[in-house]
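*Asks:* So the chains spell out like this:
Number of protein chains: 2
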Amino acid sequence: MHKLFEKTKSAYRPAYLLSQVSSLLGWDQETHMPKAGIKARSAQKEYIAGLCHKMSTASQFESALKELLVCQDLSKEEKCAANLWNRDFQKATKLPKSFVERWTATCSEAVHTWQIARENNDFKAFCPHLKTIFELSAERAEYLSYKDHLYDALLDEYEPDATSAQINMLFADLKPFLIDLTKQSASDPRPLPPGPYPVDAQMRYVADLMQEMGLEPHHTRLDMSAHPFCTTLAPTDVRMTTHVTKDTPIPNISAVMHEGGHCLYERGLPEQFAGTPLCDSISLGIHESQSRFWEVIIGQSRSFWEYAYPKLKETFPQLKDFSLDDFYKTLNRVQPSLIRVHADEVTYTLHIIMRYELEKDLLTKSLAPKDLPDAWNAKMQEYLGITPPSDAMGCLQDMHWACGNIGYFPTYALGNLYSAQFFAKFTNTYPDYSNRIASGDLRFITTWLKKQIHCHGRLYSAPELCKQVTGSPLTSTPYRQYLSIKYK
Amino acid sequence: MHKLFEKTKSAYRPAYLLSQVSSLLGWDQETHMPKAGIKARSAQKEYIAGLCHKMSTASQFESALKELLVCQDLSKEEKCAANLWNRDFQKATKLPKSFVERWTATCSEAVHTWQIARENNDFKAFCPHLKTIFELSAERAEYLSYKDHLYDALLDEYEPDATSAQINMLFADLKPFLIDLTKQSASDPRPLPPGPYPVDAQMRYVADLMQEMGLEPHHTRLDMSAHPFCTTLAPTDVRMTTHVTKDTPIPNISAVMHEGGHCLYERGLPEQFAGTPLCDSISLGIHESQSRFWEVIIGQSRSFWEYAYPKLKETFPQLKDFSLDDFYKTLNRVQPSLIRVHADEVTYTLHIIMRYELEKDLLTKSLAPKDLPDAWNAKMQEYLGITPPSDAMGCLQDMHWACGNIGYFPTYALGNLYSAQFFAKFTNTYPDYSNRIASGDLRFITTWLKKQIHCHGRLYSAPELCKQVTGSPLTSTPYRQYLSIKYK
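So the protein lines, in turn, are chains A and B.
Counting from 731, one number per residue, gives the positions in the first sequence under the working numbering.
Counting from 731, one number per residue, gives the positions in the second sequence under the working numbering.
Each hint should be verified, as a subset may be incorrect.
Distance condition first, Cα-Cα at most 25 Å in a straight line; then the derived BS3-like pairs of lysine-lysine [unchecked claim]:
{"hint": "1", "chain 1": "B", "residue 1": "K784", "chain 2": "A", "residue 2": "K784"}
{"hint": "2", "chain 1": "A", "residue 1": "K827", "chain 2": "B", "residue 2": "K737"}
{"hint": "3", "chain 1": "A", "residue 1": "K827", "chain 2": "B", "residue 2": "K784"}
No wet-lab data here; the hints were simulated from the structure.
Produce the complete structure using the sequences and hints provided.
*Replies:* Dropping the structure here:
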């Protein structure tokens, strides 16, 4: 390792450790923290976020980085890390410390209020927080700067170099295709036999599944939270959560495979570069491609359930007379529905498209926060033909806006597109893939994804990686082909 | 609030928040952290400890404190806080930052090794860590300074102003009394009916008990860990752990009442002074007096079980034909035994006395770490007449030395003495106390302890508080009287 690289890494260490501590504060808040701890937690998070910001923009780091940037004899990886550090540094210095602290405290309290508001179906309680979040987001976008649209500054935080113009084009293409496909492929299969599907038995089933995917308890925890998520405390300490209901095991299994896909990406990053930007994910779109690959492409495939269904039947005796065919149809039931995280893969992206349109309008103030419930319900009617019976099942369902994650939703759609394009390459590489999966081999998928995608960390940009893995830039063709073959 | 007080409190805030973050890092490590996360956790803890030390000795805080110390128009509480801040500041500045970081990293790895060494009964694996801990402790004592004995510097960290000379005197008095009482009162009651006592049922029972003591889940969590402990993340976020075995519910109930006593103390501190030294406990001896009050004086009393035993019988059907009298006798069985945390109240302090003698010898190098198992076993034979069959059940049983807590053990004995002296006052105040407890009223105990002890925080020293509550300084008389009445 080059001396100057070592020096920069040392100077960056405080920010790295503080970001891990931040992750713990966030994980604990969502999983185990006693409710009354929220005010103190907000103060702790605000302070650590401010400190992390201070450390990642410290003059000691800046001067080491400056030296590194002009150094001529770095390896390819070191050169790349230097550029990424510089990119992140430029971004971080655009946000004043006082703004970062205000932002963190606002979001922390908003999340808390959102949880209660969702429970009580009380949009009015959450509305002032939503208003503040979007006002601060506009302020944030101005600090971060942008070329064409306010929204691009925020989108860039999750999907570097993507723009709302590109997303608009992609969605203009996808929206009619998906509305049409929804109408054509809507199905009404035999419903899953009624519960209870005991929580303990569900948790044993998904724990085994995690191991089969390559997620060892030695490195990876599973907990419960209102909204499933994955967070990384260190390359050797990755945590995910799920959400369990006794009525059906499917949302739990989906969440575990989804978050498991995220965790495998985090676990597969190049650990030898821990503490540098190389040991990090490329973008949320790429991250989401990994979770959707596991949750949907594998986890809702016939070959996977040829292997996994007998064990599910063993675990839940009420499935005894419910055939694999019935189960597969239920799992892949296409039907307009209210909750994004439970949506089928055909309607899913329509949920994303409406959120994208709404958050852009909220940001530019062409939609007032108080009018969100009406606007939400109107779009649900237009795209999916249904109207939520309550805000809890409508505009209060997602945590993202409460967390301040504006510009995040489109990355879910990009994830779907990337996953389908990676899958097309995967099936070319392994023509016998469905037999292998049906026989219970999941590890070769983990190995392929790690070798193709995870192990590079941030060495390539999302477009570069896509080209390297699949041979061509991202298009919506593989995704539409995949859906057409499966559903038409 | 005085302006200068406010200013000092603000300058102290970073150290306060970092100490809360430290508590979370420690709690998570002992309860939920995936095993492979240990190295990263050590780095995080080391960094935060160093930063906390830096912030609690920062020049901004120092200059605010200097102004505060000479200010003439402070309230009694503010004056007291200023003196405590000064005391803590003087102490903190004696330890160099590099030493604090080395210390934290050493202890973190030692704890990890100790856990595995205890599982594998492998003292040799732990021995090098123990050696380093005691060497660093001697170094620590020199930094902290002392008058008569190296040990006093360490003891003072847990029990301000106490000395080994005083402890020697107290123990010289107690040791023969306890050895004698053990012989006189050794009993062999009917054993508890065999298990399993299912873990889930135990956890429901102790959760109810916590609520009856006044520990609401809103503010207080219960988890499991190798060694039960209590930690405070904020006045509104207090956490305790227990250790559960299917064979008997008694250790779990004892641990929950013990740690529950600690938690009630933390919850009862004057929250209006949060972020100042006033909202803190006085000493470990006083802390332990609260846990032992609940665990032993209440939790092993006949009147408590008149109330609590019927519900225990309901929870565990195998107790159906086991009378309250049998249960009370089993609970208060006096018998020399190997494990301190399971020891009866007569032999308990003998376990403490031998640990105190051994750690003093390890510190002054009159005992070599490699000879600890032999020395341990010899004392067990001398005081209790038994020899451990393994180091796991001998000198590896406690976490304290691995944590670097040298000088901590005697505070357990002081806790017993204080608890008995407080109890004597309590029984004078409530002559009908046993009827009230037998009827299921526990909250009046919580209220009395809070009003007499908790709500003052650190406003009084331990000797001052003892005098104020009981009318006289600490002596061993109430403790010996209490034991004599119960066991002779």
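*Asks:* So if I understand the rule, the pair passes when the alpha-carbon distance is 25 Å or less; does K827 (chain A) with K784 (chain B) pass?
*Replies:* Within the cut-off at roughly 20 Å; holds.
*Asks:* Against the 25 Å threshold, does the CA-CA distance of K827 (chain A) and K737 (chain B) hold or violate the hint?
*Replies:* holds, 21 Å
*Asks:* Take the C-alpha atoms of K784 (chain B) and K784 (chain A), compute the straight-line distance between them, and say whether it is at most 25 Å.
*Replies:* holds, 16 Å
Of the numbered hints listed earlier, not one is contradicted by the structure.
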